[in-house]
Structure formats: structure tokens, C-alpha cells
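Asker: One letter stands for each residue in the lines below.
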Amino acid sequence: MAKRSFKVATWTPVAVADTVAFTDLGYMALQGASATQRTAISEVYMGGQAATSAPCIMIGARDSTVGVTLTALPAGASDAALDPATAALAAPVVPFVASTTKPQRAATLGLLNLSFNAFGGIVRWVAYPGEELWMLGNTASFGEFSLSAYTGGTPGLMGSHIVYETL
Amino acid sequence: MPAHPRLGNLLIDHRAYDGSVFEADTSTCSHCQRVVVLRADRTRARAYCAKCDHYICDGCVGRPCTPFARILENFNG
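Sequence order for the protein chains is R and A. All residue numbers for the first sequence refer to my numbering, where the first residue is 8 and numbers rise by one. All residue numbers for the second sequence refer to my numbering, where the first residue is 130 and numbers rise by one.
To be clear, the hints were calculated from the coordinates, so they are not data collected in a lab. Just so it is clear, the structure is predicted and the values come from calculations on it, not from any experiment. Treat the hints loosely; a few may be bogus.
As the list claims (entries may be wrong) - A partial selection of chain R residues facing chain A, derived with a Cβ cut-off under 8 Å:
1) 45
2) 119
3) 123
4) 124
5) 126
6) 129
7) 130
8) 131
9) 132
10) 133
11) 134
12) 135
13) 137
14) 140
To be verified - Non-contacting residues of chain A with respect to chain R, defined by C-beta distances greater than 10 Å in every case (computed):
15) 130
16) 168
17) 170
18) 171
19) 172
20) 174
21) 176
22) 177
23) 178
24) 179
25) 181
26) 182
27) 191
28) 193
29) 195
A virtual CB, placed ideally from N, CA and C, is assigned to each residue, including glycine.
Next comes chain A alone, as it looks inside the complex (with noise of 0.2 Å):
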């Protein structure tokens, strides 16, 4: 797990039309920036980078570590 999960949050509020409610963090992935719902009853190892210290998303996994942040100061030299 990150030392610091730096998490965003969603809502998803249904209450006008059957009353329901969900809200959950979410995770950007640091490697290819989708953004990931972090369900609370999920039971698997969450997928985390320990390179670059953050959670990635499970089609990141295995891969090597870029960091989006890192192409981003590439093109800008």
C-alpha cells in the first residue's frame, strides 16, 4: 500500500430515483492514468506499484514502471 494513497473520491447518488447511494476512492493510475473505483468488499491484493509508490490499475500489472508523470516531462524536454 502507498505511504500516501493520494485517493479521489466518486458518488453516485440514485436517492431521487430508487434511494440508493454509492460512493467509493478512487485511484489514479500512475502509469496510465485510468481511474479506479477502490470497492470496499473487494478481497484481492490491490494492485500497487512500490517503485513509484502508488496504486496502478490491474492492466498495469506486470508491466514495466512509466510513470505518466514521467512521459509528460519527457515531451516537455
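Isolated chain R, as found in the complex (with noise of 0.2 Å):
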């Protein structure tokens, strides 16, 4: 068990509904490697880059469709263990913002909404240790849990992390 750190330094969220595709770069999401695997979300943080008001309507939300044939980090994406003495899981969770198959927001496991204003906006939510979110599995819906803008607004440019424990 080791705490990780799935960071995007600058993006703009790609506003859709629930239950409609993401689009590639436009989200952050975290599959699970295994059937049973278990994984606890414990910190979100976004910190606004727009130039200009951009309103953001971010959903920390469990996925009803998940990824499939997920897409390596792009460039400025990254995944590392808070403690440099982690040793590597044999089937880590998978962090991603590009797949071949999209994910999709489930429209009633929506568990966070973090809006605020990505014009020098931060937001940043942080669970009581034994309260995080947990993630488990590799499947709908419970398998994979997303960072994303919901319709509405004018999503802008952010940076953003998302902090997790396997167990």
C-alpha cells in the first residue's frame, strides 16, 4: 500500500453529460488493474491557468462505461508514488486521459462536485483517512473513477492531481 500521485499539469476539461463519451485530454480517470483490486481516492486538487473567467463544473464521478485500450500519459501527465521507497504493484491501477473506447460519467455515482472558477481559481478536497472513495475492480461502475466538466459553464485551462492508495 503506497499513496500515488496522478498529476495533469495544464489541460481544459472537455464539458459533456453523463453518460455521454469523453473526449480525449479532456478528462482524468483511474481504472483498476484487477477484478478485485481496491483503490482509495483521498485527495482532488485543481488550480485554475485561464486568462480569463472560465466557470468549471468539475464531477468527481464512478464511470458507467470504462475505458478500453487506454493511451499512455501524454507529455505533462504523470503517475508517482508519494514515497520514493514504494515498491511497483504487479498490476497497478491504470491513470489515463485518452482511450480507444471513451468512458462515460455514470449519471447517479456522481460522488464529487468541485466547480469553481479556473481564473486563478483553486479548488481542492481533501477525505478524513478511513473516508476516502473507493474504487474496486476493473469494470463499470465501481472499476473506474473520473475527473470532468459536466455540461455548463466555460471550461478553461487547469492543472490538477488526483491522490490514491491501493490497497
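Can you join these two chains into the complex? Each is in its own frame, and there are hints to help.
Answerer: Now the structure itself:
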């Protein structure tokens, strides 16, 4: 068990309604690596980088359609252990921002609403230890968690990270 | 109210935009895992499950107590 941080240095969310396919590079997602794997999400942070007012309706949610054929993280995105002594898991959770089959946010399993203005705004949610959001397995709807923009607003440039820990 | 509320934290900082800052405790619903912002100005009683001794979200009020942790335990056998 060790905490890891999945960060994307700079990106612009693409707003979509629930149960609509995400757009590559317009979301962040974590997908479990095996059918029984459990992962706790303990922190979500977004820092606005937009040059003008950019209200972002950011939603942390489970995905009712999970990504398939996940693409490796692009430049500026990374996934790293918080503790350098962390041993690599045999089957690590997969962080991704693009895939062949796009994920879709579940309509009924939204867990976090982190709306903010990306024009210099910052939003940070931290769970109390033991009160994290849990992922389970690698299939819908418990096996994937995403951070994405809901329809509305004018999503702007931001940087973000998700801190998680696989059991 | 739970014996140990176990609250998270939400910070929305717009000081660089309009000078406003919003900070509040949050609670993770023990039944469905929705994160609830505990607004300081709420006057209604907060939804609480005495069975699992935890805040729950308004949507889970009146439903049977099935903590998400138990769902995970059952899944893993």
C-alpha cells in the first residue's frame, strides 16, 4: 500500500453530460487493474490557469462505461509514488486521459462536485483518513473514477492531481 | 451526530479572481460515498445513521443501512 499522485500539468476539460463519451485529453481517469483490486481516492486538487473567467463544473464520479485500450499518458501527465521507497505493484491502477473506447460518467454515481472558476481559482478536496472514495475492481461502475467537466460553464485551462492508494 | 465525525475538507480559493474564499468540512456518505459539503449555515438537522454512526447524504435518508464498506467486504468474500 502506498499513496500515488496522478497529475496533469495543464489541460482544458471538455464538458459533457452524464453517460456521454468523454473527449480525449478532456478528462482524467483512474481504472483498476484487476477484478478485486481496491483503491482509495483521498485528494483531488485543481488549480486554475485560465486567462479569463472560466467557470468549470468539475465532477468526480464513477464511470458507467469504462475506457478500453487506454493510451499512455502524454507529456505533462504523470503518475508517481509519494514515497520514493514504494515498491511497484504487479498490477497497478492505470491513470489515463485518452483511450480508444471513451469512458462515460455515470448519471447516478457522481461523488464530488468541485465547481470553481479556473481564472486563478483553486479547489482542493481532502478526505479524512478512512473516509476516502473507493474504487473496486476494473469494470463499471466501481472500477473507474473520473474527473471531468459537466455540461455548462466555460471550462478553462487548469492543472490538477488526484492522490490515491491501492490496497 | 456521530461520536467521531471524521470530516474531510473542501477549499475553494478565488482570492486571485474576486477575493473570495470558501472553506468547509465535508462528509463522505457511508452508504453511497457521495461527498457532502457541510455548510455552516445549514439549519436543518444533518442526516445521520445511528446504525453505522455516520453522517449520510440526504438522498440516503430512509433507506436501509448498507455501508459501502460492507459492500466492499462482501465483494471480496
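Asker: Of the numbered hints stated previously, which ones are contradicted by the structure, given in increasing order?
Answerer: The structure breaks none of the hints.
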